[in-house]
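S.K.: As a plain string of letters, each chain reads:
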Amino acid sequence: NAGVTQTPKFQVLKTGQSMTLQCAQDMNHEYMSWYRQDPGMGLRLIHYSVGAGITDQGEVPNGYNVSRSTTEDFPLRLLSAAPSQTSVYFCASRDLRGATNEQFFGPGTRLTVL
Amino acid sequence: GIQVEQSPPDLILQEGANSTLRCNFSDSVNNLQWFHQNPWGQLINLFYIPSGTKQNGRLSATTVATERYSLLYISSSQTTDSGVYFCAINTNAGKSTFGDGTTLTVKP
Numbered sequence: 001n002a003g004v005t006q007t008p009k010f011q012v013l014k015t016g017q018s019m020t021l022q023c024a025q026d027m028n029h030e031y032m033s034w035y036r037q038d039p040g041m042g043l044r045l046i047h048y049s050v051g052a053g054i055t056d057q058g059e060v061p062n063g064y065n066v067s068r069s070t071t072e073d074f075p076l077r078l079l080s081a082a083p084s085q086t087s088v089y090f091c092a093s094r095d096l097r098g099a100t101n102e103q104f105f106g107p108g109t110r111l112t113v114l
Numbered sequence: 001g002i003q004v005e006q007s008p009p010d011l012i013l014q015e016g017a018n019s020t021l022r023c024n025f026s027d028s029v030n031n032l033q034w035f036h037q038n039p040w041g042q043l044i045n046l047f048y049i050p051s052g053t054k055q056n057g058r059l060s061a062t063t064v065a066t067e068r069y070s071l072l073y074i075s076s077s078q079t080t081d082s083g084v085y086f087c088a089i090n091t092n093a094g095k096s097t098f099g100d101g102t103t104l105t106v107k108p
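Chains as they are written, first to last, in the working numbering: chain A, 1 to 114; chain B, 1 to 108.
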């Protein structure tokens with residue numbers, strides 16, 4: 001199993017540009033989520049999904065869109081990037097039906113918006 | 001929503017020392033995890049521990065759910081233990097709340 005994978009690892013955008021951060025998992029987990037981590041801070045939940053076709057907002061959803069068309073993929077879209085979105089983005093997945101409900105993280109995408 | 005507080009925020013140790021990190025949470029939970037974020041930014045699962053005690057090598061964790069806290073013990077610390085330690089509460093509805101972390105620096 002590759003676990004949770006994210007692409008790209010690094011990205012630099014100009015203000016106003018759009019892009020999609022990719023996230024995929026091969027563990028057949030129903031739950032997937034996106035977090036952002038700003039310097040010296042913990043992780044804040046952006047959006048999450050409990051299954052294909054179902055998404056919901058987390059703590060800091062503004063400026064981000066998500067969709068979940070398959071169990072495996074959960075892309076995060078920035079429609080018009082702003083400097084305030086400079087951060088490290090982590091994708092995670094969990095098995096909601098499993099005994100432990102343990103959450104697993106991808107390696108992260110470091111995004112800089114100029 | 002649920003509040004998660006970690007202490008201390010920063011900890012500096014000499015190699016070989018022991019330490020205890022604490023995680024307090026504001027509501028009863030049935031799903032708590034400890035993570036280590038290494039200096040390269042990678043988040044590593046340490047323990048899934050909604051209650052009781054678990055041990056893995058030099059690390060162990062205890063959660064007392066009725067008193068709403070969890071402790072992470074690091075014994076005989078090594079420089080590779082440096083990084084940030086997070087606890088996270090995962091709700092059955094799907095949302096997760098992280099504490100702000102404890103930054104551990106182990107000096108040789």
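Treat the hints as calculated values from the structure; they're not laboratory data.
Ideal Cβ placement from N, Cα and C applies to all residues, glycine included.
Errors might be hidden in some of the hints.
[Unchecked claim] Ranges of calculated distance between the beta carbons of each label pair, as one might list FRET restraints: (1) B:Pro108 with A:Met27: 12 to 20 Å; (2) A:Gly51 with B:Gln14: 45 to 53 Å; (3) A:Thr20 with B:Ser76: 40 to 48 Å; (4) B:Asn18 with A:Thr7: 36 to 44 Å; (5) A:Lys14 with B:Gly52: 27 to 35 Å; (6) B:Thr66 with A:Lys14: 33 to 41 Å; (7) A:Pro83 with B:Asp100: 19 to 27 Å; (8) A:Gly51 with B:Ile12: 28 to 36 Å; (9) A:Gly3 with B:Ile2: 37 to 45 Å; (10) A:Thr20 with B:Gly41: 36 to 44 Å; (11) B:Gly57 with A:Arg44: 27 to 35 Å; (12) B:Ser75 with A:Pro83: 21 to 29 Å; (13) A:Asn1 with B:Glu15: 17 to 25 Å.
S.K.: Each hint needs a verdict: does it hold in this structure or not?
M.R.: Status of the hints after comparison with the structure:
Taken as a hint, the range 12 to 20 Å is violated for the pair B:Pro108 and A:Met27, whose Cβ atoms sit roughly 38 Å apart. Remark: the range hint 45 to 53 Å for A:Gly51 to B:Gln14 is upheld by a beta-carbon distance near 48 Å. Taken as a hint, the range 40 to 48 Å holds for the pair A:Thr20 and B:Ser76, whose Cβ atoms sit roughly 45 Å apart. Take B:Asn18 and A:Thr7: their Cβ atoms lie about 40 Å apart, and the range 36 to 44 Å holds.
Checked against the given bound of 27 to 35 Å, the beta carbons of A:Lys14 and B:Gly52, roughly 51 Å apart, lie outside it. A hinted range of 33 to 41 Å for the beta carbons of B:Thr66 and A:Lys14 is inconsistent with their spacing of about 52 Å. Under the hint 19 to 27 Å, the C-beta atoms of A:Pro83 and B:Asp100, about 23 Å apart, fit the expected range. Look at A:Gly51 against B:Ile12: about 44 Å separates their beta carbons, and that is not inside 28 to 36 Å.
Against the hinted window of 37 to 45 Å, the Cβ-Cβ separation of A:Gly3 and B:Ile2 comes to about 27 Å, which falls outside the hint. A beta carbon spacing of about 21 Å between A:Thr20 and B:Gly41 contradicts the range 36 to 44 Å that was offered as a hint. At roughly 31 Å, the beta-carbon separation of B:Gly57 and A:Arg44 lies within the given 27 to 35 Å, and the hint holds. In this structure the hint that B:Ser75 and A:Pro83 lie 21 to 29 Å apart at CB is violated, the actual value being about 43 Å.
For the pair A:Asn1 and B:Glu15, the supplied restraint of 17 to 25 Å is violated, since their beta-carbon distance comes to about 35 Å.
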